[in-house]
Amino acid sequence: MYAGLQELGVANGEDLKETLTNCTEPLKAIEQFQTENGVLLPSLQSALPFLDLHGTPRLEFHQSVFDELREKLLERVSAIALEGKVEERYKKLEDLLEKSFSLVKMPSIQPVVMCVMKHLPKVPEKKLKLVMADKDLYKACAVEVKRQIWQDNQALFGDEVSPLLKQYILEKENILFSSDISVLHNFFSPSPKARRQGEVVQKLTQMIGKNVKLYDMVLQFLRTLFLRTRNVHYCTLRAELLMSLHDLEISEICTVDPCHKFTWCLDACIREKFVDNKRARELQGFLDGVKKGQEQVLGDLSMILCDPFAINTLALSTIRHLQDLVGQDTLPRESPDLLLLLRMLSLGQGAWDMIDSQVFKEPKMEAELITKFLPMLMSFVVDDHTFNVDQKLPSEEKGPIPYPSTIPEAFTKFLQENRIACEIGLYYILHITKQRNKNAFLRLLPALVETFSDLAFSDIFLHLLTGNLTLLGDEFAVEEFCTSLFDGFFLTALSLRVHTAHPQQELSLNHLFFLSINLFLQSGEAVKELHNQLTEKLELRKPSPAEVTETPSMELPLPTVPTPASR
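Using the UniProt record's numbering, you'd call the opening residue of the sequence shown number 1 and step up by one each time.
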């Protein structure tokens with residue numbers, strides 16, 4: 001409580017105790033101690049007896065004076081940090097820190113010492129080490145001081161950041177597994193700026209401040225955890241963190257991150273959920289502008305493009321472009337904007353491989369994706385238009401044109417073997433589901449049972465499919481629809497993957513399955529018997545528990561991965 005007072009020549013409780021122990025007249029000793037250590041203001045001595053008359057203890061009076069003086073001193077320290085020349089004001093603060101630091105463990109004086117340290121751009125290393133070594137002092141110091149400690153202690157900084165990263169991933173997964181979803185309210189509904197106001201992003205932004213070294217450390221943590229877990233939400237955080245610093249106009253960091261302008265432009269596209277012609281040219285300019293010798297930038301750009309919000313925007317834009325091309329009677333290979341979207345999708349989907357191999361080169365796109373797969377998707381659009389037009393004709397003019405019930409074998413093969421084709425194909429299925437196109441949905445549904453890396457059973461796709469299926473609620477009263485959806489997709493997929501799927505993937509599938517069951521039950525009393533039969537089938541197919549794989553470790557410090565500052 002009285003730590004450091006003796007070093008400054010100020011008497012403390014121990015001195016009074018020693019005086020009273022060795023004196024013969026305690027009252028006189030106390031009076032003398034009060035005179036020597038009280039407020040040395042002559043006019044005050046005659047006023048103190050009035051406080052005695054009102055029954056106000058001297059302790060209460062002195063504490064009040066002390067608190068007032070401390071507040072004044074704190075105000076003065078903050079004022080010194082802003083006035084005069086830089087060298088002069090920092091010299092004053094350094095002198096004040098030197099005189100007061102010995103009192104840093106004294107609770108009543110500690111705020112003043114911490115305030116002085118907070119306003120110093122460079123606290124002496126010796127004092128930083130003393131603060132870091134004392135758990136209570138470290139906890140009490142301002143984030144401005146902690147930044148100076150963290151920048152030379154990656155392990156300590158990692159200990160501070162790790163819980164936030166875990167919290168961020170958990171929040172994303174909670175949204176994905178929420179039952180409160182619909183077409184208008186899903187994982188991708190919040191705007192980029194709204195997402196950046198989240199607790200984790202704001203805390204990380206505050207922890208980093210203007211410190212480029214800390215920013216690089218966080219990026220390194222995100223890269224390494226992305227490599228270790230393949231969790232794409234780390235890519236989202238990488239982009240959100242940069243744009244949060246952009247919102248605060250932290251030029252010290254934004255100007256040194258080579259991905260800043262690209263991310264800024266892409267952020268505007270994500271906000272609109274579409275890549276227009278003007279922004280497409282800007283994005284292409286950034287990609288084409290990567291100079292020889294700077295290819296490592298592609299690693300960060302690919303990670304930003306791997307952000308699910310970026311993939312969602314690029315895929316939605318691709319579907320929209322394909323529909324426009326059908327109306328223009330134009331082939332995919334003749335559309336520069338479409339080719340750019342595919343280029344960015346390919347770069348984003350190849351992020352993990354690029355960072356893992358450290359081979360910073362854009363993935364080569366397969367020609368058949370453009371010459372065969374995309375025209376095949378366009379033919380599906382034409383099939384829908386043809387069928388819809390035929391249905392609107394007068395009955396006597398209608399031709400016997402049933403809706404196509406089969407899908408080309410090549411389509412299924414593309415979804416199984418080509419990642420970009422699979423991503424676009426899945427988004428096309430989401431599109432037709434959102435359009436309430438039951439015929440097209442049932443036609444393409446069998447292709448989802450086996451896809452590239454089981455993308456059809458990823459958390460995000462199943463989340464979106466669940467929301468879109470709410471638009472087909474009436475169809476759950478139709479036996480054919482339920483048989484195709486449950487027997488042909490859910491139960492088949494569950495039985496195929498129960499021994500091989502990652503527990504999280506199985507959870508996603510089960511989650512979608514039971515949400516769909518709820519839609520099924522809402523279709524009316526007539527379907528109760530069908531529900532009972534389905535439950536019996538599910539019980540018969542109930543698998544043995546799968547072995548739970550251990551969650552990848554998030555221990556820090558982490559292996560070295562190139563950072564913007566090292567380029």
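Treat the hints as calculated values from the structure; they're not laboratory data.
Treat the hints with caution; some may be incorrect.
Here are the simulated DSSO-like cross-link-like pairs (lysine-lysine), alpha carbons at most 30 Å apart as the crow flies [as the list claims (entries may be wrong)]:
hint, residue 1, residue 2
1, Lys129, Lys139
2, Lys413, Lys434
3, Lys278, Lys361
4, Lys122, Lys193
5, Lys135, Lys99
6, Lys213, Lys203
7, Lys292, Lys361
8, Lys273, Lys261
9, Lys292, Lys364
10, Lys99, Lys129
11, Lys118, Lys28
12, Lys292, Lys278
Per label pair, the in silico range of CB-to-CB distance [to be verified]:
hint, residue 1, residue 2, range
13, Pro394, Asp329, 26 to 32 Å
14, Gln391, Lys364, 53 to 59 Å
15, Leu16, Pro124, 31 to 37 Å
16, Arg320, Ala79, 42 to 48 Å
17, Asn174, Glu272, 24 to 30 Å
18, Arg230, Leu130, 27 to 33 Å
Every residue gets a Cβ at the ideal spot worked out from N, C-alpha and C, and that includes glycine.
These are the hints, each one checked on the structure:
The hinted pair formed by Lys129 and Lys139 meets the criterion: a straight-line CA distance of about 14 Å does not exceed 30 Å. Annotation: proposed proximity of Lys413 to Lys434 holds, straight-line Cα distance about 24 Å (limit 30 Å). For the suggested pair Lys278 and Lys361, the alpha carbons sit about 25 Å apart, so the restraint of at most 30 Å is met. Restraint check for Lys122 and Lys193: not satisfied, since their Cα atoms lie roughly 33 Å apart, outside the 30 Å limit.
The hinted pair formed by Lys135 and Lys99 meets the criterion: a straight-line CA distance of about 22 Å does not exceed 30 Å. Pair hint Lys213 plus Lys203 holds up; C-alpha atoms about 17 Å apart against a cutoff of 30 Å. Between the alpha carbons of Lys292 and Lys361 the distance comes to roughly 11 Å, so the proposed pair stays at or under 30 Å and holds. At roughly 18 Å between alpha-carbon atoms, Lys273 and Lys261 fall within 30 Å of each other, so this suggested pair holds.
Using a Cα cut-off of 30 Å, the hinted pair Lys292 and Lys364 holds, with the two alpha carbons roughly 18 Å apart. Only pairs whose Cα atoms come within 30 Å are accepted, and Lys99 paired with Lys129 is accepted, the gap being roughly 18 Å. The hinted pair formed by Lys118 and Lys28 fails the criterion: a straight-line CA distance of about 44 Å is larger than 30 Å. Pair hint Lys292 plus Lys278 holds up; C-alpha atoms about 26 Å apart against a cutoff of 30 Å.
About 27 Å separates the C-beta atoms of Pro394 and Asp329, a value consistent with the hinted range of 26 to 32 Å. Taken as a hint, the range 53 to 59 Å is violated for the pair Gln391 and Lys364, whose Cβ atoms sit roughly 43 Å apart. Look at Leu16 against Pro124: about 33 Å separates their beta carbons, and that is inside 31 to 37 Å. At roughly 57 Å, the beta carbons of Arg320 and Ala79 sit outside the given window of 42 to 48 Å.
One distance hint, 24 to 30 Å for the beta-carbon pair Asn174 and Glu272, holds here, with the actual separation near 27 Å. A beta carbon spacing of about 42 Å between Arg230 and Leu130 contradicts the range 27 to 33 Å that was offered as a hint.
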